[in-house]
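Following this note's numbering from start to finish, the sequence shown increments by one per residue and tops out at 247.
Hints are not guaranteed to be accurate.
As the list claims (entries may be wrong) - Subject to a maximum C-alpha distance of 25 Å in a straight line, what follows is the list of computed DMTMM-like cross-link-like pairs (lysine to aspartate or glutamate): (1) Lys76 x Glu215; (2) Lys218 x Glu88; (3) Lys70 x Glu57; (4) Lys217 x Glu238; (5) Lys128 x Glu165; (6) Lys76 x Glu57.
Read the hints as simulated data drawn from the structure, not as lab findings.
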Amino acid sequence: MSCSNLTMLVSSKPSLSDGSSLSFRSVLNPFQLPSQNPSTAPPRSSSAAPIQCGLRELRTRIESVKNTQKITEAMKLVAAAKVRRAQEAVVNARPFSETLVEVLYNINEQLQTEDIDIPLTKIRPVKKVALVVCTGDRGLCGGFNNNIIKKAEARIAELKKLGLEYTVISVGKKGNSYFIRRPYIPVDRALQESLASELAARMSAMSNATDNATELKKNLSTVYNRERQAKITGEILEIVAGANALQ
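Work the whole structure out from these sequences, hints included.
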């Protein structure tokens, strides 16, 4: 029997120490590892859905779930090791970024009080906007890439309503493969934060997949043992019935 069942954010005075004015916002916080919070975790069903399979199909599914669990567990450990290094890179680059932003801001403030004709410091009406979309190079990281692309599409829709021109600068293979089908231009801090967020999302996704595989393997093993015991009991009853018939 077969089985059934990115928009760049600009403030008046950018401050990298203030989370509300970062030049780039990641989907996940790259400095906080995903934690299992019982209050926010989705409730699991207490009763498993009925699984109707033969013993051979159950054994095959159990082995398949075991193999999947091993793969997701390995990917989770790899992502956990890489996300630490990515977080350290972001933290180490933060002093340089903060100093650079402060210097540029002070220069701009000084130029506002002096009569110097510099084209870069003039305030001009916005005619064209560049969107830098930082995605990952690989999948298996939950909704990380999809959420970034949806955010970019939402921002593009806003720019269209305002009648502004826009250019998309895509970073990452997933973003390139998505925007390459549209008339966009696929073209160090934002990259570091994007990488850290991608790894954190992948570690979280693989952790959830491993937990799901563990629960599914447990349910399949229970069904398998129940079916096997029922088959053995049926055979014993047939033997007893045959023995009684011979007496």
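Would you check the hint for Lys217 and Glu238, treating anything up to 25 Å between C-alpha atoms as holding?
-> With a Cα-Cα distance of about 31 Å, the restraint between Lys217 and Glu238 is violated, given a limit of 25 Å.
Verify the proposed pairing of Lys70 with Glu57, using a straight-line Cα cut of 25 Å.
-> 20 Å, holds
Straight-line alpha-carbon gap Lys76 to Glu57, limit 25 Å = 28 Å, violated
Straight-line alpha-carbon gap Lys128 to Glu165, limit 25 Å = 4 Å, holds
Are Lys218 and Glu88 close enough, with their CA atoms no more than 25 Å apart?
-> 38 Å, violated
Is Lys76 within 25 Å of Glu215, Cα to Cα?
-> 17 Å, holds
Hint compliance for this structure: hints 2, 4 and 6 are broken, all remaining hints hold.
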